[in-house]
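> Here the protein sequences line up with chains E and G, keeping their order.
Residue 111 is where the first sequence starts when you use my numbering, and the numbers rise one by one after that.
Residue 12 is where the second sequence starts when you use my numbering, and the numbers rise one by one after that.
Hints should not be assumed to be uniformly reliable.
[Stated by the list, open to error] Here's a subset of chain E near chain G, in silico, CB distances under 10 Å, partners left out:
hint: 1; residue: Leu146
hint: 2; residue: Ile147
hint: 3; residue: Thr151
hint: 4; residue: Ala152
hint: 5; residue: Ser238
hint: 6; residue: Leu254
hint: 7; residue: Met266
hint: 8; residue: Ser269
hint: 9; residue: Arg271
hint: 10; residue: Ser273
hint: 11; residue: Val275
hint: 12; residue: Ala280
hint: 13; residue: Leu284
hint: 14; residue: Pro286
Honestly, the hints are just simulated from the structure, not real lab data.
Just so you know, even glycine gets a beta-carbon here, dropped at the ideal spot from N, CA and C.
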Amino acid sequence: MPYPIFVCRKEPAFLPPLIYLMLRKNWWKILSSIFLIYTFTAGFLGSVPIKPILNETIRNLYFHVAMWFGMMIFFMVSVVYSIKYLRHNKPSADIYAMEYARTGIVFGLLGLITGSVWAKYTWGDFWSNDPKQLGAAIALLIYLAYFVLRNSLTDMDKSARISAVYNVFAFAMLFPTIWIIPRLVESLHPGGMGNPALDTKDIDSRMRLIFWFGAIPGWTLLGVWISSLRIRLHIYSLNQEHHV
Amino acid sequence: MLHSFRLIITLFKKDILLEFRQQYSFYGVLLYVASTIFVLYMAMGQPENRVWNGLFWMMQLFICVNAVAKTFLQEGKGRQLYFYSLCSPVHFMLARMIFNAALMLLMNLISLLLFILLLGSPLAHPYVFLGISCFGACSISLVFSFLAAIAARAQQNAALMAILGFPLIIPQLMLMMRLSTLAFSDVFQSGLVSIVLLLACFDIMVVLLSVILFPFLWKD
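Given these sequences and hints, build the entire structure.
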């Protein structure tokens with residue numbers, strides 16, 4: 111058996127076989143688990159530099175910041191698939207775009223929650239109109255609107271095309287937004303206004319190792335895993351409908 | 012180049028002509044503007060500068076949603092098919108954007124007049140504010156023109172346009188509000204030139220994106 115997990119009855123006719131094969135490899139799923147186990151153990155047990163105000167909350171770097179990285183990566187992947195859909199009109203690309211956007215929203219929500227809890231203990235409030243918080247809220251609203259748009263259209267082809275157009279437009283508008291808003295509102299967030307962030311003087315090499323070689327790839331691969339499961343489920347259910 | 016320019020002008024003229032033929036919808040938006048500002052006047056009286064500014068820009072946003080939505084949503088399927096057979100989507104979209112910007116400019120002038128009449132005028136430099144509000148009205152109308160084109164494809168739903176547009180317009184609206192503080196007092200803030208440049212870049216980007224993406228919405 112070349113693919114031990116999840117053997118579909120019949121490969122869907124409209125999927126390119128290469129992508130289908132890549133969905134079924136195992137090694138990166140194992141890698142993701144190893145990265146995450148490393149992140150959790152080293153992240154919670156390892157020593158961290160003691161900073162005023164931050165103290166132990168600096169460990170949030172492994173979880174909160176990684177969520178944002180994941181979110182941006184998934185939104186980018188989603189847009190790439192939307193462009194692909196517009197260029198080649200393959201239904202599978204649309205499913206990919208949608209599921210990656212969904213995973214991006216989940217990661218964004220988790221990032222917002224972890225960030226708010228962190229802000230409660232360092233800034234004193236869950237929400238303080240920080241530019242990063244505003245940017246995050248705008249990004250989530252935009253992508254939730256994307257799903258409202260999708261669901262308002264019943265014709266599958268039309269829904270795919272129009273939501274792909276909106277996806278590209280919204281993504282192109284989102285980037286300047288994230289760049290503009292910090293110029294309008296003062297930020298307390300690490301990385302802005304001289305606050306500590308990923309600089310060498312703020313986190314030591316141990317933390318950087320866990321962050322770049324544990325948390326970021328671990329969480330991102332987990333997101334890809336979640337998305338690929340959802341994509342397969344989606345395609346499977348489409349095929350079921352097709353066969354009935 | 013010249014040919015396509017002439018085409019755009021023709022399409023623009025067609026939009027104006029249509030507007031003259033169907034005056035009820037134009038007066039409808041006008042009445043919307045007047046009654047909303049009147050309600051604001053009843054509710055707020057004559058508010059202070061900050062509130063005045065905020066209300067004015069929110070008003071622009073709602074006027075834009077109504078005025079711009081109208082142009083796309085009132086077109087039936089048959090008429091769209093007719094345009095499809097006549098001209099290219101890029102020309103159509105550009106003409107529509109110019110028309111919407113012109114419509115929004117007019118609405119902007121009327122609403123500014125009504126605001127000053129009813130809600131008082133806290134403006135130290137009215138002409139500066141006039142310039143900024145015209146610029147802002149054009150920017151907002153460009154974004155909403157494209158969103159109206161999307162919403163028109165999706166069940167002709169005006170509420171959908173608000174859902175799609177409001178998160179996207181927040182940064183531009185915030186920049187506009189920041190910029191218009193210039194008109195309220197003599198205090199000069201640094202970085203205002205860069206805000207104007209940023210907004211101009213934003214507008215150019217929106218026009219380019221619409222030109223690239225509209226053909227995909229067009230074919231059905």
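> Holds or violated: is there a CB of chain G closer than 10 Å to the CB of E:Thr151?
Given a least distance of 39 Å, the restraint on E:Thr151 is violated.
> Does E:Val275 pass the interface hint, meaning its C-beta sits closer than 10 Å to a C-beta of chain G?
Interface hint status for E:Val275: holds (5 Å vs cutoff 10 Å).
> Quick check on E:Leu254 please, does its C-beta sit within 10 Å of some C-beta on chain G?
Holds. Min distance 8 Å.
> Please verify that hint: E:Leu146, Cβ, nearest Cβ of chain G, below 10 Å or not.
32 Å, violated
> E:Ala280 was flagged as interface toward chain G. Is the shortest Cβ-Cβ separation under 10 Å?
6 Å, holds
> At a threshold of 10 Å, is the proposed contact between E:Ala152 and chain G supported by beta-carbon distances?
Violated. Min distance 38 Å.
> Mind checking the CB of E:Arg271 against every CB in chain G and telling me if the closest is under 10 Å?
6 Å, holds
> Holds or violated: is there a CB of chain G closer than 10 Å to the CB of E:Ile147?
Not OK, violated: E:Ile147 not within 10 Å of chain G, min 37 Å.
> Could you check if E:Met266 really has its C-beta closer than 10 Å to a C-beta on chain G?
Violated: closest Cβ of chain G sits about 14 Å from E:Met266, beyond 10 Å.
> Against chain G, is E:Ser273 within 10 Å by beta-carbon distance?
9 Å, holds
> Should the interface hint for E:Leu284 be scored as holding, given a Cβ-Cβ cut-off of 10 Å against chain G?
At about 8 Å, which falls below the 10 Å cut-off, the nearest Cβ of chain G leaves the hint on E:Leu284 intact, so it holds.
> Hey, does the E:Pro286 contact hint survive, CB to chain G under 10 Å?
6 Å, holds
Hint check: violations occur at hints 1, 2, 3, 4, 5, 7; the rest are consistent with the structure.
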